[in-house]
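Participant: Kindly produce the complete structure, drawing on both the sequences and the hints.
Number of protein chains: 2
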Amino acid sequence: MKIETVQGGICAVKGVRAYGLKEGNKGLTLIEGNGIAVGAFTLNRIKAAPILFTEQQLENSGGILSAIIANSGCANSFTGDEGMKNAEKMAELVSGSLGVRKEEVAVASTGHIGKQLDMALIERQLGVVAKGLTAEEAGSTAAAKAIMTTDTFLKECAIRINPHEAAKTESGPKQQTDATVVIGGIAKGSGMIFPQMNTATMLCFIYTDANLDAEALSSSLKDAVDNSFNMVVVDGDMSTNDLVLLVSTGKGGEISEPEFKTGLNVVCTELAKQMARDGEGATKLIELRVKGAASVDDAREIARAILRSPLVKSAIFGERLDLTCGRIIAAVGSCTTADVVDPHVISISFKSNNETVFLAVDRGVFTDLSGPAKDILNGKELFIEVDMGVGEVETTAWGCDLTYDYVKINVA
Amino acid sequence: MKIETVQGGICAVKGVRAYGLKEGNKGLTLIEGNGIAVGAFTLNRIKAAPILFTEQQLENSGGILSAIIANSGCANSFTGDEGMKNAEKMAELVSGSLGVRKEEVAVASTGHIGKQLDMALIERQLGVVAKGLTAEEAGSTAAAKAIMTTDTFLKECAIRINPHEAAKTESGPKQQTDATVVIGGIAKGSGMIFPQMNTATMLCFIYTDANLDAEALSSSLKDAVDNSFNMVVVDGDMSTNDLVLLVSTGKGGEISEPEFKTGLNVVCTELAKQMARDGEGATKLIELRVKGAASVDDAREIARAILRSPLVKSAIFGERLDLTCGRIIAAVGSCTTADVVDPHVISISFKSNNETVFLAVDRGVFTDLSGPAKDILNGKELFIEVDMGVGEVETTAWGCDLTYDYVKINVA
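Protein chains in written order, with this note's numbering: chain A, 0 to 411; chain B, 0 to 411.
For the record, the hints were derived by calculation from the structure and aren't laboratory data. Careful: at least some of the hints might be erroneous.
For identical chains, the list gives no copy identity; a pair is met inside one copy or between any two copies.
[Stated by the list, open to error] Derived BS3-like pairs: lysine-lysine, alpha-carbon spacing no greater than 25 angstroms straight-line:
id: 1; residue 1: 350; residue 2: 114
id: 2; residue 1: 260; residue 2: 130
id: 3; residue 1: 250; residue 2: 260
id: 4; residue 1: 407; residue 2: 21
id: 5; residue 1: 21; residue 2: 272
id: 6; residue 1: 407; residue 2: 379
id: 7; residue 1: 114; residue 2: 379
Facilitator: Structure (structure tokens):
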């Protein structure tokens, strides 16, 4: 199996058209593309109207979607019955505009909580966006842009999987057979990010032509979300509006479920990393690997505790290696439900941009943190490995530093 | 029963002598006072040497303490065997200096993690401090000052309880009989504060002359800690060094356990509020009452989630009422283990310094947040009440806002 990155985001998938419009902080995104759909929804106990509505839609349509409409600037959350009516109205408008069944339209929103939607604006913007729908790359880009809120760059990704070509084949003339499978996604999210399926005001729409049934798609999505979006920590807050949708047209080549899972993991991980890199006010992307853990649950809990800690995050912003290590230790210990935590065997190492590796804590003992170690935190991308030393399980998570700009962005 | 605030901190209790010395960021506190002792220790899975050592000491001495030594500037945490030896050495030095049993000396530390203690410095400082021991008020003050780290003010509190005088008695000539009971405490803590018994690099030493047995003292301390320190949230980080010690000389008047509990709650709550007010970089003290909850666990989980949220905290710093309410809602919903969360019956109100009360969310509906509401967040002390509307249980918690200075303090 060979995986290559391709251009075009969701429009890399044949049969998908998209467009978006952003006016001030109010944006509207429309995606057209028919197929089997599965979703992952926020676990917040207070779910926004579009979340409740879209869950219903997937039930009512028998798991089929023909279009997705998403607005930015208003979360349509904590908006009571009027909020539910407005979510439904959005689906009706799309149904009328595109001639698709109302039940096959998913609705998503992101923005401030507690305000009603400006339906006149949405109707007007939809008129423009529906006319702009295109299968060109620019359609995916416009769609990704229109759902941005505090995001500083748009997030998209697409890959082509050739199940029949070995990864290491010498590249001769490009093989472009019908046997390939494409997965493309767009996403938004930079604040209110915490991994408890799913993180927080993160929206992600993924299309594929993989010919798989709903069960395989659903299992693949759960797996990918657990390994990607659920392992991104920006601030530990959980949104009322999180939504990941995966729609498959089924028109691509044959692919096994494990192969598709691998590909979907690649797309979701790339989008998750883009979110972490765009964490509100962030100056550094942190990739954290927790290895040597006793169980998957332990590894994940420990990784999240470290990346959630404001003290660890601000020490990394300050490029203070000694404080960073000490606070990682405290964060590890704060995992009171972890099965096995033995301070005597924990090791912590850092790898910077230029591949220098530095072992800062060696099986329970701090090494000399002066000298070359001082520069290890200077890069814009940081790789931290915490070896718990008690088992064989490892996990990877992504986060960012805590800066003055995080506060600045969130007071406004 | 009548409770009045008195001066003197721990030295308000007869038989207690204290002193402290702070040189740069390295401080040493010594307290002498013999009696039955009970403690509450950090739940962090990685416990600092002084925590492990002091837990042992209480066992070895049969629950009696004669002295407490505490240093600031080095946490003696993640320091292996050498750390344990140094903690023991501190107890030995105090034993030699004061002529008390080594087993009856408690040791506490606060400061950076991963560094060994400078034992020569501690020995020298102890020489000075032991000579300075005094039963005067100044002794308590010096002791409270010497354990400060990022604290901006010292924290102490003392009360006198007269179990036989009605609270509303007209104050005639002051009653100063032997029948009164005194409780005095000092504490430190402003960062790494999170309530999971106990919060984080918080130290608190409480003395009393209440004539109660270890069981009654222990039960009273657990109750008071749950209602006070465990309900303070600054940043959600948990320290490896938290320690609360309660020592009773038993020489005061008779008091029932419920009466003592009430008094101990007053002292612990006052010290907890002082910590929240001194939260790193804080400009506002937040008192949060969660009422109408279905259970104590629900109420506490919800209160902590709200006060832990960086988004809620930065919105309050920015004095943005709309954002504050929306993010409180999201934080409430993030309590996925809470039994009952019904968005349709939640109300949120605010009370400012000048006692103006403003109902911002009325049983699931945002009220008009413009107009007079705009000024409600301007005060330095803020009272927020979240009524879950589903039960009869209430709890109170304390926190602070998230500011640029929090980041500034923690990068250095």
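Participant: Among all the numbered hints in the text so far, which are the ones the structure does not match?
Facilitator: Violated: hints 2, 7.
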